[in-house]
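Here is how the chains run, residue by residue.
There are 2 protein chains.
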Amino acid sequence: MLNENVMVFLQDNLDFWPHLSADQQSNVIAHTSIARFTKGQTMHRGDQNCMGLIMIRSGLLRVYMLSEEGKDITLFRLVPGELCLLSASCILNQITFDVHIDVEDTCELVSVSSHILSDLMTDNIYVENFIYKRLVDRFSDVMWAMEQILFMSFDKRLAIFLVDEMSKTHSTTLRLTHEQIAKYIGSAREVVTRMLKYFSNEGIVELSRGGITIINPTKLKSLL
Amino acid sequence: MLNENVMVFLQDNLDFWPHLSADQQSNVIAHTSIARFTKGQTMHRGDQNCMGLIMIRSGLLRVYMLSEEGKDITLFRLVPGELCLLSASCILNQITFDVHIDVEDTCELVSVSSHILSDLMTDNIYVENFIYKRLVDRFSDVMWAMEQILFMSFDKRLAIFLVDEMSKTHSTTLRLTHEQIAKYIGSAREVVTRMLKYFSNEGIVELSRGGITIINPTKLKSLL
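Going down the list, the sequences are from chains A and B.
The first sequence maps to residues 1 to 224 in the UniProt record's numbering.
The second sequence maps to residues 1 to 224 in the UniProt record's numbering.
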């Protein structure tokens, strides 16, 4: 990207942009870089590096927690258009946990260095506010992931239902609405939609207008 | 509390106070109330009520998540001097999960209605910033609780709980049922009973009808 394009990109993605002075704006541009990561790389490793704010232009990233024993829990995925601040936790006193980020699909991202973010946060309430707000957005994502794992019921229930339907209809394509599924398994449509989206992100199903296609039955059955 | 005292209390506890206009300040005072809850009450129940911002003056509250099946996970506790905004989640679009709050020790709290908070949040960046900042504070608390549950081996978790209780109550005898312990550390009663039996066999605790006596605190602490 040319410097001109970087500015447009920052303007479009950072709500606080109009609240920065001209000096602050050029300072941010000077501390913005573009990076490419290839599939399979670990981009961010707990407290071992501090990448600052990252904004995804293309590709797919997985944000997860890792235990000392190597147990791994997916918190959320990052798709183009999204940004992440957990990669800047070194400058955020309130964030005391560490996450890891893997590249699931070769990606290009724009990052603003943690150093400049930290300075701006102190000087400018709009920057501070933007950072906290975006962190709170992730709070709910993470809680959702945790609930699935801790209460360990709904993914299993939905998987059982899909496997049953597959064997009943002798087909991997199920012509059912989310509403119908919710009714059958005694849940709410929103909950079904959310979990199907999760299954889709995990490469288990493919969603279309007509219904649900199970593309990885082995992975689906592993949830039972 | 007299109105005068309410003002001093709000001033001391809400960082955004100096950034409010005189009108906004009196509006907040008018929408502030004092409430008392007795031990054992459920003060806040998921999305069924919206208490607004609560500030604890005395007592002890437990904030937890509850699954459809009744499984319960403690997220954090609230002690005097602390405040909580998850009880105002109805006005925060970003918070899509529900928490419950139980009164563990009869408490007095000051609450600011969600209605006025919502208005102020839109009008005043300092209020918005305060709210997001305090939510981010809790993000780490909750992640810590989750990590304990997801990653830590169970003996360690139970040991941490017992050591905490010992220092809180200044006693080596804990008057708690296995059921209660399971609830507090987000496990099942059977699992707690099994591990306590193991601790008892190891000469760490002595079990009786009335509770649990820690007879070898050094050995218990070696598990941490």
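Quick caveat, the hints were computed from the structure, so don't treat them as lab data.
None of these values were measured; they are calculated from a predicted model.
Each residue gets a CB set at the ideal place from its N, CA and C atoms; glycine is no exception.
Incorrect hints may appear among the rest.
[As the list claims (entries may be wrong)] Cβ-to-Cβ under 8 Å is the rule here; a few derived chain B residues that face chain A:
no. : residue
1   : Met7
2   : Arg77
3   : Tyr132
4   : Phe139
5   : Glu206
### Earlier hints that do not hold, by number
1, 2, 5
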